[in-house]
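So the sequence lines, in the order shown, correspond to chains A and B. Residues in the first sequence are numbered from 1 upward in steps of one, following the working numbering. Residues in the second sequence are numbered from 1 upward in steps of one, following the working numbering.
These are calculated hints, taken from the structure and not from any lab test. Some hints could be false.
Derived pair list, reagent style EDC-like, types lysine to aspartate or glutamate, alpha-carbon separation capped at 16 Å [to be verified]: (1) Lys18/B to Asp56/B; (2) Lys65/B to Glu53/B; (3) Lys69/B to Asp56/B; (4) Lys101/B to Glu55/A; (5) Lys97/A to Asp38/B; (6) Lys81/A to Glu14/A; (7) Lys71/B to Asp38/B; (8) Lys97/A to Glu30/B.
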Amino acid sequence: GQSLEQPSEVTAVEGAIVQINCTYQTSGFYGLSWYQQHDGGAPTFLSYNALDGLEETGRFSSFLSRSDSYGYLLLQELQMKDSASYFCAFLPLVFGKGTRLSVIA
Amino acid sequence: EAQVTQNPRYLITVTGKKLTVTCSQNMNHEYMSWYRQDPGLGLRQIYYSMNVEVTDKGDVPEGYKVSRKEKRNFPLILESPSPNQTSLYFCASSSLGEGEKLFFGSGTQLSVL
């Protein structure tokens with residue numbers, strides 16, 4: 001089967017850098033996606049890695065290592081508005097349970 | 001504006017009373033899907049559709065029905081709702097060429113009493 005594991009909660013300070021890890025198990029791999037969801041809102045697409053390496057989109061970057069079945073989302077220059085839940089996913093079927101990021105002053 | 005529109009935003013109903021949650025997208029996407037989100041369980045796929053008249057079960061299809069008669073619409077039907085279907089529901093769509101980039105509706109909070 002397919003599964004993704006990510007930490008349930010992470011807390012970080014405004015202005016800092018935080019890394020949210022995602023380890024996975026799958027028989028067939030088509031890429032790892034990341035989504036952000038604010039409380040009361042819908043998930044929104046952040047990033048996608050089909051191949052190993054780093055993808056950068058502004059303050060957000062996502063990394064993938066297929067040999068290690070591992071990826072991460074890196075958020076730089078944290079802002080209070082980054083407080084949200086972050087999901088890694090094998091789309092379209094399987095989402096991780098999400099990591100709740102709290103940014104504190 | 002490109003969007004996925006879900007209605008209603010909130011719905012309270014009683015056990016056994018049939019209901020439909022509508023979903024419509026204006027991006028000409030081939031792929032559409034329904035998810036439910038429950039605390040501690042994340043997002044789980046209910047049903048999906050790769051194109052008109054093509055639907056298939058996701059991870060948790062029991063108690064739900066869908067139809068895809070038109071490309072833009074993908075309603076979710078609960079023929080006999082039960083309390084364990086109380087959840088937050090999301091509709092999503094994507095193009096087949098960019099399946100990793102799902103566009104989500106704003107969600108429907110359903111309570112079955």
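- Message: Going through the numbered hints above, which ones does this structure break? Give me the numbers in ascending order.
- Response: The structure conflicts with hints 1, 7 and 8, although it agrees with all the remaining ones.
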